[in-house]
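Asks: Residue strings, one per chain:
There are 2 protein chains.
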Amino acid sequence: MNDQSPSRRSGGRSARREARSTKLADHLRPIRAGMEGGKYKPLSDIDVEKIHQAALTALETIGLADAPPSGVEILTGAGAILGDDGRIRFPRALVEDSLAKANREVTLFSRDGKNDLDLTGQRVHYGTAGAAVHLVNVEGNEYRESTLQDLHDAARICDVLDNINFVQRPMVARDILDTMEGELNAIYACTSGTTKHVGISFSEASIVPHAVEMLHQIAGGKDKWLERPFMSNSNCFVVPPMKFATESCEVMEACIAGGIPVLLLSAGMAGATAPSTIAGAITQACAECLAGLVYVNAIAPGHPAIFGTWPFGLDLRTGAMTVGSGEQALLSAGCAQMHAFYGVPGGAAGGATDSKMPDMQAGWEQMCSNVMGGLAGLNMVYEAAGMHSSLLGFCHESLILSDDLIGQAMRCVRGIEVSDETLALDQMAQVCMGGPGHYLGTEQTLGRMQADHVYPSHGDRTSPKEWVELGKPVLIEKAKAKKEEILATRSAARFDADLDREIRERFKIHLPV
Amino acid sequence: MNDQSPSRRSGGRSARREARSTKLADHLRPIRAGMEGGKYKPLSDIDVEKIHQAALTALETIGLADAPPSGVEILTGAGAILGDDGRIRFPRALVEDSLAKANREVTLFSRDGKNDLDLTGQRVHYGTAGAAVHLVNVEGNEYRESTLQDLHDAARICDVLDNINFVQRPMVARDILDTMEGELNAIYACTSGTTKHVGISFSEASIVPHAVEMLHQIAGGKDKWLERPFMSNSNCFVVPPMKFATESCEVMEACIAGGIPVLLLSAGMAGATAPSTIAGAITQACAECLAGLVYVNAIAPGHPAIFGTWPFGLDLRTGAMTVGSGEQALLSAGCAQMHAFYGVPGGAAGGATDSKMPDMQAGWEQMCSNVMGGLAGLNMVYEAAGMHSSLLGFCHESLILSDDLIGQAMRCVRGIEVSDETLALDQMAQVCMGGPGHYLGTEQTLGRMQADHVYPSHGDRTSPKEWVELGKPVLIEKAKAKKEEILATRSAARFDADLDREIRERFKIHLPV
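Line by line, the protein sequences give chains L and R.
For the first sequence, the UniProt record's numbering gives the first residue as 1, with consecutive numbering after it.
For the second sequence, the UniProt record's numbering gives the first residue as 1, with consecutive numbering after it.
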């Protein structure tokens, strides 16, 4: 096609389609990681204060059991009180002091510097997380055990999806039986699949020094690692209600020693391990994470830590976990508001579904908590993509479709710009009085085409007639094709050959070269 | 099963399942029509004021063209100014006066009194609407022309779905060629299918007196109709940008004469018939609806009118309408805030999707605008259920699934209750210190089981194992079965035989007796 072709003229339909089919430069994208949320406030200011006071009271009067000996020493050294009942209680002043010491300017780094996550204010980021034990095989309509390759593939897919901002390990490699091997391979599988920030979870402190060694290799030295730690550890440091997870606390200490940012994860289930009320579950999660913040800052003031209040829902009829409900969306949105109140970087779960397959239920459940979490200003929306079956299954096709879903949620977070230009009174006057009587094709309209509007990659906007002409495309089939396309392409995140050899010499890597 | 059976004991799993399988009495339901939204505010107070001022300026300086002669008389009589260019302009004081006169206490009545819609404050209601020309035949994976029977079936389905609060005619009967016959039959099809509030749309003023006659028959007399008008008219009284729809204004006048509440519907498309910016599209819609409010209140001060700012989105690449986007959700949520500012009952579109079938895209798009509309406090969320293909297709199965989807959105609107009881400090202390270490089965937990939690009717919460044991149920199949069950049951909304005969004697009704 030459430049004189009429369809290349500015404003032509095919020119517009073409303009959109080339990927936009990052600074031109209408949405990006880290847009500010917070326009949705599920709690009043008084409610927030009540929850905070209740959390302080819980810490002061109930406290937490089961700290490891090291933790007892650290916490009592900081001013906490060990009771005869073995519970550690936290004076209010200690908590307030720790909050004052806590790092409020956390950046979670990417490996290539292009996807750093600035967690200040109410900036919103979406990513994967979890520990699913199944891979959802859409093709075969079945759940099967998840493997290391599945995890690596998930990281590779995330790497090319614009709206997945970080990759916390969403499933476990059930084909590796040895715990240490499994966790070290998980680091390899994630970091060799994506240059975005990666999250992992260690189950034993003894693994951490080995992991740190691998991180130094990947970073190109200890200094480089410490300068831009591109991996954080998801630390289930409590066993709700109000007990420290002894081993996980030791892991946390080891992570801090190794310069690994920590996610202080309190995953209570409302009605089982947390109160059944939304307010109660949020209160307990806040109390637990405040205890974690005291712990971290007593060891290393200002160590990057994410306030991970992750209360989950429960189907009270069956006692089964449920993550796709409206109650879940409220739990996470309410937590986001508490994070903003504390002024610390925070995260919670959003975007997971109870559905087994990427169907209509998955769509509505994933959107509900994703968009509400974003509007509430959640810094880190974990489990935002691909997570099915109440966290038991991870689905690559669903992950791909979530890029559209989350893109839409991000558009909502971006919100409504009101200015003289956007109020458009001048346009209205021109168009109505002596003008064409419509806004189609005006300079102002075309100027907004890319700047303001998010277009789905797989979502369908055809008319019924076009849909028939296209052979009635099926959403899931489009996602499958995309998955195959991504996985057939050589990943840009791959380690170079020398580094890869070096890692494989030191560690037993289960993925093929 | 006798009462001594262990599984009947309080707290037993099957007892709890059983408790939930019986339908809850209305006052015990955790969600209901008319819960207050408004915790999500996409616009700042200053933004709201700017939009209002811009709308006033547009009315004052641009005005609206194409009023019918009667409208010119009515509006200039009230203080509007007819310009040499044929446009009617509205002094600011006239608009403010009309706002002061407008009815702020509108109730949209149901036929049986059980589903009246109180539109004061930011009470939220969800229902159908639209003028789809296709029925989405899920079974056949096809779109076909919609019929009167399809419309009647939709009304019957809505009648038994708890979370569909009103039934505005969602599709047109393409099997009736005569306009008047079609519209009169649409009233019959809707009102004989549901006792909930019904909405309709007349295309010619001459039809209205006949419709009123039918409404008097159904109500049991003119007085009874005027006492509780159970049907409103959706009045596309403007052709955006800023032109009156001449014939529709005449329809509106006739409706007011007949005591029919009106929905002042301004359905601009951002980028085509409204500015491409969200703020601009909201501004123009507000200006147009304010003109409508002046019109209505100049004829009959206090006549029930709904401020129907319905700006829609456009895919600026193709010029095609799109209703499922994040931009759409922001348009409608922003409008909700303007309605609250004006203090008048308002409505906008939410819950429609661009997808052809009830798939994952349909789920995420329908949830996005439904939940954001609700959280923003939209009194009437129109098009909330069953609407596909950018308003071109209506789907019964999707409508059924929307009952779960909207139920979840309503749970979010209900929000988080914070009180000493819900903060649950006492429970936390009991459970943690000397208690069982969990909240399962406590009195407080069980007490919340029905009071707080919304359980999906069709949404799946099984584990992968249970899912396999159940034969891997498919969501859409469940909806299909439910549809068949509903339509095989004799409708409680059916007219009694005498009334039905009376109506059929007077009107040519196309539905079989």
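If you're looking for bench data, these hints aren't it; they were derived computationally from the structure.
Some clues are possibly wrong.
Identical copies go unnamed one by one, so any copy, or any two together, can satisfy a pair.
What the hints assert, rightly or not - Distance condition first, Cα-Cα at most 20 Å in a straight line; then the derived EDC-like pairs of lysine to aspartate or glutamate:
#	residue 1	residue 2
1	Lys472	Glu145
2	Lys114	Asp26
3	Lys472	Glu139
4	Lys50	Asp426
5	Lys480	Glu213
6	Lys478	Glu142
Asks: Each hint: holds or not?
Replies: Against the structure, the hints:
Proximity of Lys472 and Glu145 under a CA criterion of 20 Å is satisfied inter-copy only: 17 Å between copies versus 33 Å inside one chain copy. Taking the closest pair of Cα atoms, Lys114 and Asp26 come within 20 Å of each other only inside a single copy of the chain (10 Å); across copies the shortest separation is 53 Å, beyond that limit. Taking the shortest Cα distances, Lys472 and Glu139 sit within 20 Å of each other both inside one copy (18 Å) and across copies (14 Å). For the identical chains of this complex, Lys50 and Asp426 are inter-copy neighbours only, at 14 Å across copies versus 48 Å inside a copy, given an alpha-carbon limit of 20 Å.
For a Cα distance limit of 20 Å, the shortest separation of Lys480 from Glu213 qualifies neither inside one copy, at 37 Å, nor across copies, at 57 Å. When the C-alpha separation of Lys478 and Glu142 is checked against a cutoff of 20 Å, the pair qualifies both within a copy, at 19 Å, and between copies, at 19 Å.
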